[in-house]
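Q: Sequence:
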Amino acid sequence: MRIAHFTYLTILLATMLSCSEKKVTASTALEQTKGPTMDPDGYNVAFLIMNGTYNTEFTAPFDIFQHTKFRKNIRVMNTFTVANTLDPITTFEGVSILPDFDYTKDTLPKIDILVVPSAEHHMDSDLNDTTLLNFIKKIDKNALFVTSHCDGAFPLAKTGILDEVTSTTFPSDIESYRKMFPNLKVQDSVLFVHDGKYITSAGGAKSFEAALYLCQYLYGEEIAKSLAKGLVIEWDLGQVPHLIVE
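Numbered as in my numbering, the sequence shown ends at 246 without a single skipped number.
Hints are supplied without guarantee of correctness; some may be wrong.
[To be verified] Label pairs and their computed distance ranges (CB to CB):
#1 L237 <-> V95: 28 to 36 Å
#2 K185 <-> D39: 30 to 38 Å
#3 P241 <-> K197: 15 to 23 Å
#4 P36 <-> E93: 29 to 37 Å
#5 T85 <-> K141: 22 to 30 Å
#6 L237 <-> P88: 34 to 42 Å
[Said to hold, decoys possible] The calculated BS3-like cross-link candidates involving lysine-lysine, where the alpha carbons are at most 30 Å apart (straight line), are:
#7 K105 <-> K197
#8 K185 <-> K137
#9 K72 <-> K225
#10 K141 <-> K179
#11 K110 <-> K158
#12 K141 <-> K69
#13 K197 <-> K110
#14 K138 <-> K158
#15 K105 <-> K158
#16 K110 <-> K141
#17 K185 <-> K229
#18 K69 <-> K138
#19 K179 <-> K225
#20 K138 <-> K105
#21 K141 <-> K197
#22 K138 <-> K185
#23 K158 <-> K185
Calculated directly from the structure, the hints in this document are not laboratory data. By construction, the Cβ of each residue, glycine as well, lies at the ideal position given by its N, Cα and C atoms.
Using the sequences and the hints, build the whole thing.
A: In structure tokens form, the structure reads like this:
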């Protein structure tokens, strides 16, 4: 009986150790795979998200830019999200998104392109968020492009980085944009404006067009049409109301 009891304890201990090893292995694997895969030669594209971010203004450019990874002989885009937390954020429509980086704490990759989708409070309380605004100004210093969709233009304007360029925003908010920032050069009746390194768009489903334009600017028309085709979008820049400030 003692031998049997000893054997039972030995098997139980071995099983416990085995389970423990599996947990450690699983945890280690999770840690190793955490975060986006980054091509060291690619453009680093950061999407600034927060509670209340609108789905389309986030997912439309993300889809376009992420699909560059499936095109050959171009400098692909490394797409990732940044927020003021690593906890899940909830979009306006109720989708939970787990941010890749916390810009208030983490060491971030160099950001070549900053994308600011519209969020619920971009016309009010977000404009008083100094941490958010200072982050935008910091990234703006070295970014190749800073883009906004819909009311994402409001926090950009609040930082002052749009003072010397022409910009646009969501059509129904153009007048509010002009009143809030009376010194800005504001363009209406277009889907996007490209002035310097800034691309501001009307947002909504037309966020696709602004993102495709940037791809055409960087990669050429053939690649842009290929990306559009992959998402069943008819792409012809000549058919898109826009303003390019030379």
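Q: Please go over all the hints and tell whether each is borne out by the structure.
A: Structure-based check of all given hints:
{"no.": "1", "hint": "L237 <-> V95: 28 to 36 Å", "result": "holds, 30 Å"}
{"no.": "2", "hint": "K185 <-> D39: 30 to 38 Å", "result": "holds, 36 Å"}
{"no.": "3", "hint": "P241 <-> K197: 15 to 23 Å", "result": "holds, 21 Å"}
{"no.": "4", "hint": "P36 <-> E93: 29 to 37 Å", "result": "violated, 23 Å"}
{"no.": "5", "hint": "T85 <-> K141: 22 to 30 Å", "result": "holds, 24 Å"}
{"no.": "6", "hint": "L237 <-> P88: 34 to 42 Å", "result": "holds, 37 Å"}
{"no.": "7", "hint": "K105 <-> K197", "result": "holds, 27 Å"}
{"no.": "8", "hint": "K185 <-> K137", "result": "holds, 19 Å"}
{"no.": "9", "hint": "K72 <-> K225", "result": "holds, 14 Å"}
{"no.": "10", "hint": "K141 <-> K179", "result": "holds, 27 Å"}
{"no.": "11", "hint": "K110 <-> K158", "result": "holds, 23 Å"}
{"no.": "12", "hint": "K141 <-> K69", "result": "holds, 26 Å"}
{"no.": "13", "hint": "K197 <-> K110", "result": "holds, 16 Å"}
{"no.": "14", "hint": "K138 <-> K158", "result": "holds, 14 Å"}
{"no.": "15", "hint": "K105 <-> K158", "result": "holds, 23 Å"}
{"no.": "16", "hint": "K110 <-> K141", "result": "holds, 11 Å"}
{"no.": "17", "hint": "K185 <-> K229", "result": "violated, 34 Å"}
{"no.": "18", "hint": "K69 <-> K138", "result": "holds, 27 Å"}
{"no.": "19", "hint": "K179 <-> K225", "result": "violated, 38 Å"}
{"no.": "20", "hint": "K138 <-> K105", "result": "holds, 14 Å"}
{"no.": "21", "hint": "K141 <-> K197", "result": "holds, 11 Å"}
{"no.": "22", "hint": "K138 <-> K185", "result": "holds, 23 Å"}
{"no.": "23", "hint": "K158 <-> K185", "result": "holds, 14 Å"}
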